[in-house]
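From first to last, the protein sequence lines stand for chains A and B. So that you can map any letter, position 203 of the first sequence is 203 in our numbering, and since no number is skipped, the others follow by simple counting. So that you can map any letter, position 215 of the second sequence is 477 in our numbering, and since no number is skipped, the others follow by simple counting.
In short, the hints are calculated from the structure, not lab data. Quantities reported herein were computed from a predicted structural model and do not represent experimental measurements. Where is the CB? At the ideal position from N, CA and C, for every residue including glycine. Careful: at least some of the hints might be erroneous.
Listed below are the simulated BS3-like cross-link pairs for lysine-lysine, each with C-alpha atoms no more than 30 Å apart in a straight line [to be verified]:
no.: 1; chain 1: B; residue 1: K414; chain 2: A; residue 2: K259
no.: 2; chain 1: A; residue 1: K254; chain 2: B; residue 2: K591
no.: 3; chain 1: B; residue 1: K414; chain 2: A; residue 2: K227
Here chain B is said to cover these stretches of chain A; the calculated rule only asks that three of the stretch's residues, wherever they fall, bring their Cβ under 8 Å from a Cβ of chain B [claimed, not checked]:
no.: 4; segment: 37-51
no.: 5; segment: 54-61
no.: 6; segment: 88-100
no.: 7; segment: 115-129
no.: 8; segment: 164-178
no.: 9; segment: 196-209
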Amino acid sequence: MKIMVFIKQVPGTDNVKMNPETGTMVRTGSNNVINPLDENALEEALSIKRQVQDAVVTAISMGPLSARKALNEAIALGADAGVLLSSRAFAGSDTIATARVLSAAVRKLGGADLVLCGERATDGETGQTGPMIAEMLGLPVITFVKRIQMNGDRAVVERMVENGFERVEVPFPFLATVIKDINEPSFPTLAGKLRAGKAEVPVWGPVELGLDNGKLGLAGSPTRVVKVFSPKLARNTRLLKQDGSGQAVRELLKVLREKEVI
Amino acid sequence: MSLQEYRGVMVVAEQKNNKIHSTTYELLNWGRGLADKLDCGLYCAVLGNNVQELDELIFRGADRVYHVSSPCLENFLARPYAAALARLVEEEKPEIVVAAATTTGRTIMPMAAARLETGLTADCTGLDIDPVERILLQTRPAIGGNIMATIKTPFTRPQMATVRPRSARQAARDTARRGEIVAKHYDGALFSTPENFLAFVKDTTQDVNIQDADIIVAGGKGMKNREGFKLVEELASLLGAGVGASRDAVDLGWVPYSHQVGLSGKTVAPKIYIALGISGKIQHLAGMQTSEYIVAVNKDPEAQIFKVADLGIVGDALEVVPQLIDQLKSIKANA
Numbered sequence: 001m002k003i004m005v006f007i008k009q010v011p012g013t014d015n016v017k018m019n020p021e022t023g024t025m026v027r028t029g030s031n032n033v034i035n036p037l038d039e040n041a042l043e044e045a046l047s048i049k050r051q052v053q054d055a056v057v058t059a060i061s062m063g064p065l066s067a068r069k070a071l072n073e074a075i076a077l078g079a080d081a082g083v084l085l086s087s088r089a090f091a092g093s094d095t096i097a098t099a100r101v102l103s104a105a106v107r108k109l110g111g112a113d114l115v116l117c118g119e120r121a122t123d124g125e126t127g128q129t130g131p132m133i134a135e136m137l138g139l140p141v142i143t144f145v146k147r148i149q150m151n152g153d154r155a156v157v158e159r160m161v162e163n164g165f166e167r168v169e170v171p172f173p174f175l176a177t178v179i180k181d182i183n184e185p186s187f188p189t190l191a192g193k194l195r196a197g198k199a200e201v202p203v204w205g206p207v208e209l210g211l212d213n214g215k216l217g218l219a220g221s222p223t224r225v226v227k228v229f230s231p232k233l234a235r236n237t238r239l240l241k242q243d244g245s246g247q248a249v250r251e252l253l254k255v256l257r258e259k260e261v262i
Numbered sequence: 263m264s265l266q267e268y269r270g271v272m273v274v275a276e277q278k279n280n281k282i283h284s285t286t287y288e289l290l291n292w293g294r295g296l297a298d299k300l301d302c303g304l305y306c307a308v309l310g311n312n313v314q315e316l317d318e319l320i321f322r323g324a325d326r327v328y329h330v331s332s333p334c335l336e337n338f339l340a341r342p343y344a345a346a347l348a349r350l351v352e353e354e355k356p357e358i359v360v361a362a363a364t365t366t367g368r369t370i371m372p373m374a375a376a377r378l379e380t381g382l383t384a385d386c387t388g389l390d391i392d393p394v395e396r397i398l399l400q401t402r403p404a405i406g407g408n409i410m411a412t413i414k415t416p417f418t419r420p421q422m423a424t425v426r427p428r429s430a431r432q433a434a435r436d437t438a439r440r441g442e443i444v445a446k447h448y449d450g451a452l453f454s455t456p457e458n459f460l461a462f463v464k465d466t467t468q469d470v471n472i473q474d475a476d477i478i479v480a481g482g483k484g485m486k487n488r489e490g491f492k493l494v495e496e497l498a499s500l501l502g503a504g505v506g507a508s509r510d511a512v513d514l515g516w517v518p519y520s521h522q523v524g525l526s527g528k529t530v531a532p533k534i535y536i537a538l539g540i541s542g543k544i545q546h547l548a549g550m551q552t553s554e555y556i557v558a559v560n561k562d563p564e565a566q567i568f569k570v571a572d573l574g575i576v577g578d579a580l581e582v583v584p585q586l587i588d589q590l591k592s593i594k595a596n597a
């Protein structure tokens, strides 16, 4: 069984502080991490690998050469192989241009029985790339997945929706985008780290993937960013003390009345 | 692709169990505004199996309703829904297609955009028309709402966007409005897909879906334990509010993940967000800072949550909330 997991390197948020005036993120340090939901996707791939015979888990990432670190981490966690998709031609890709590159990698690897990725990444937060890749590969797709139960040549999958969850039965191959609920990612083992140190991670560009530069990067992206600005988040905060006089609670009730809640 | 061939604004109705969901009326409100600026028609695409009360979509602003009806669309499966939407767009050629940024919209819109090879912008909170270029301007928060970006799709059509629920009011209802309902029947082969829908299981821990809620009462680590968190739930129930939670409260097992607000949970923007014992880590703020009015109760006067609050109470939520509950109960008793 060939399992492929897409992982994206994103800026870590642990050291992030907020500028209270502008509400923008102030990044301290350059700690890039694997997108948290992609770690869940990888964990799920490894868990399935333990349940079936002869499964091979390949982690695939598109990004700058420094994204090799994320793939090494994936191998340390238990992935069998990593592939880095990196080229200047990929720079400025929107979701559809990104999906073209990632789906081409799956094709070059001879197709997959199961493709997993996080439902969204913490930086772009679009959640669009997974369903786009599925469409390009002609695979059924289940999004917002919180459980995958193996059952021979098929799986029973649970996907979270607004007021509950849906249970769907789907034969392999398919693509699933996963949410945090699905599992608890584990930590790399020493043996894994040693293996990751020795692992060869190939780097593929448009030539290896057989892609036309016109469909890639900014040139191949149908969307354009017109402008980027900081939202005005700082509010005129009215701060009251809970001092035993009951005034704070009275003020709160007044607000709820003004807002016609009560 | 000739851009001029594409005309009109299409919104994709949100339905559950083949009944129209009220989020659709927000989409019609967005769509009507765009269509009026472009001086073109507003179309509503309904995908499902014999979806009822389509007149309502006309009362809410649609000029024409396209109903793609098939038993294959009885339950939601991504491929049949996306295929139906892409086919309808190919036939009717709207210049703009807008859907809700729900689990449905966020699944079928990317698939349709990939099939149509056009641009799609996720989770927009603002849509407008550039009158000179006659082009859609799509504004969305990124990096957890810390940056806003305006995006356009200049070279391909349609221009596609999902919009965050509750980012617009519902369109007003006018029963005098007239429009057309067009039934679309597609060959069953279009809908073929290997997966089977088995069941829908309702989340019984969630009386009010927090993404639909007008009011959210959310609790964090400051509620101390599961018993303390029950105060959050009691207050929510008194106010008819949804129950939200910080990641800490979820990780401690006080409340299921479906209630988690923030970067790794849900993004919400209710009219009132009441944060109880939540310190306001940036990951949490990212999921709620666009709420209309924010109340925060926290012991620490330096807590980050106060930076985004309209009304802050410096005090122990475990003291403030019981007082509030008592007051609300006596108000109710006297009403």
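For each hint, the structure was consulted:
The straight-line distance between the Cα atoms of B/K414 and A/K259 is roughly 36 Å, outside the 30 Å bound, and the hint therefore fails. For the hint linking A/K254 to B/K591, the alpha-carbon distance of about 15 Å falls within 30 Å, and the restraint holds. Distance hint between B/K414 and A/K227 is fulfilled; the C-alpha atoms sit about 10 Å from each other, no more than 30 Å. Beta-carbon proximity to chain B at under 8 Å applies to 1 residues in the segment 37-51 of chain A; the threshold of 3 is not reached and the given coverage is violated.
Look at the segment 54-61 of chain A against chain B: 0 of its residues bring a Cβ nearer than 8 Å to a Cβ of that chain, fewer than three, so the hint is violated. Three residues within the 8 Å Cβ limit are the bar, and the segment 88-100 of chain A against chain B gives 4, so the coverage statement holds. Check result for the segment 115-129 of chain A against chain B: holds, 8 residues qualifying (beta carbon to beta carbon below 8 Å, three or more required). Chain B is given as covering the segment 164-178 of chain A, and this holds because 9 residues of the stretch bring a CB closer than 8 Å to a CB of that chain, at least three being needed.
Coverage of the segment 196-209 of chain A by chain B is violated. Counting CB-CB distances below 8 Å, 0 residues qualify, and the rule asks for three or more.
Of the numbered hints given earlier, the model fails hints 1, 4, 5, 9; all others are met.
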